[in-house]
Amino acid sequence: MDQETWKFVLDYLSAKENAKGNVQKIEQEEKKIQEWLSKDPKHQQELEQALWLWENTSAPPENDEWKNSFNTIQASLVQEAPKKTIKLKLWLAAAAVFGAIALFTFFYKVQHPVLQSTEIAWITKSAGSGKMISIVLPDSSEVWLNSGSSISFPKNLQHAALRTVKLKGEAFFNVKRDPQHPFIVHSLNLRTKVLGTSFNIRAWEGHPTEVTVLSGKVAVFRDSAGRQSAAIYLLPNQKTVDDLNSAKLSLENVEDAQTAIGWREGKMVFDQTPVKEVFDAIERKYAVKIIADQSFKGCKLTAKFSNVSLNEVLQTIKMTLDIHYTINKQTIYIKGGKCN
Amino acid sequence: MGENNTVGFNGDLVNNFDGKAFEDLYRRMYPTLKKYAVYLVKDAEEAQLILNDVFIAIWKNNVRILNEKAYLFRAVKNAATNYHKTAKTNFLHIDEEEVPEVWDGGSDPAQTYQDKDRNRVLYQLIDQMPERRRLVFYMYRIDGFSYKEIADLLDISVRTVEDHLVKGFQFLQERVLKNEAEFR
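Top to bottom, those sequences are chains Z and B. One point on numbering: in my numbering, the residue at position 189 of the first sequence is 189, and numbering is uninterrupted. Add 1000 to a position in the second sequence, counting from 1, and you land on the number used in my numbering.
No lab work stands behind these hints: they were computed from the structure. A couple of the hints might just be wrong.
[What the hints assert, rightly or not] With a Cα cut of at most 20 angstroms, we get these calculated DMTMM-like pairs of lysine to aspartate or glutamate:
no.: 1; chain 1: Z; residue 1: Lys318; chain 2: Z; residue 2: Glu265
no.: 2; chain 1: Z; residue 1: Lys32; chain 2: B; residue 2: Glu1162
no.: 3; chain 1: B; residue 1: Lys1148; chain 2: Z; residue 2: Asp11
no.: 4; chain 1: B; residue 1: Lys1034; chain 2: Z; residue 2: Glu65
no.: 5; chain 1: Z; residue 1: Lys7; chain 2: B; residue 2: Asp1163
Go ahead and model the full structure; you've got the sequences and the hints to work with.
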């Protein structure tokens, strides 16, 4: 059927369907169709095809996609009515806090006239070796800190135009969405900028920094002494590894970004990871010190451990790298070993 | 022709906008409205947030709007416009990678005809259309918008809307004829 024919066939079909009661309109279209039908007996068949397509496309097929989407807003639907009073109370509270701060700064200034009162107070939270902690930031973003990591954020984070935090080590972020106030993570020389997403940053001193995205969209760029590189943009199941040897940040697809945050359940995943880095990870997770009699330079290890004991980890490494080890309190001595 | 969900809502003003009605509205509007939001902001995540913000807003207003369909599409359009205004300036602009127009002539849809579910197969074909054509098709066929309404919502001419529809139907017809045996 050519385009001109389709045009009036569609007019006819939609008039029949939508122009409820508008008899005139329907008759008008019907007349055109009859005229066309009488020209060629094949036209009847064509009209039937068109009608078939029309009817079978009246609704999209059943699909549960909407349900998943709907579930994400259900929580927001519950809270409603008593909003006004809460708001008022919030204002009162805010006023009270403001007053208190004003008084405090006043006395503070009087007592320490030398100190600058404009300086922003930073708060630092750390997870020691063998520990993992989760924190809710003042803007209600959530952060899970891996063992041996720390995060610093300004006390007034929720009021800052740019929500800036500083990370040492590894953390998983679930950032509260606020398009007006981008959230930016400083980690070694990488900057990760988002509006509201979840992602993992691994930034251990001496190792390439990695950013892996679980949801949303993330911009990552380098910053060396204030000089910022072009940003690359990561989507879910993508990561960047900041290999300092290459001029640009690379983008990699990962099979399942969940692997990157397996550490939250005590998992350790090594994929062609330098042995030095593996030892560092074990030191942090089990709060031990590893002393090896060789450097394992260029040596790589691939292994998965789901929340197992230190002994089990060491046994596996013993078999893979052919090492001997002895444990003395919190120190592990490693002897021998060779790369495959 | 299945249940008649092509012609808007009959506009009854129901005072208590209960959860069931709201969920139902969401279910009916989702397929096209989501595509519309993606089309406008060129970003699935952002589109999802805009869509949900709009629904949350009408829920909180707790008033049943007369022509919900027109209202929702308009609200998504406004939200998308605002998004382009604010996010673009505030955030390091994130390159909106062109949504690839999948026009996959290579894969043979005949295989999928086996399940005989005509409606599903037809929508698989529709989903292969270029993004804008697909959206026009959805708005016209599922939501029952007129050419004029679609033209306004997409900022294109009525002629272009008609052209997309005609080409869309032609494409379906051609594919179905080619694989008629499987459709029986």
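Item to complete: Would you pick out the hints that fail for this structure and give their numbers low to high?
Response: Per hint list: single violation, 1.
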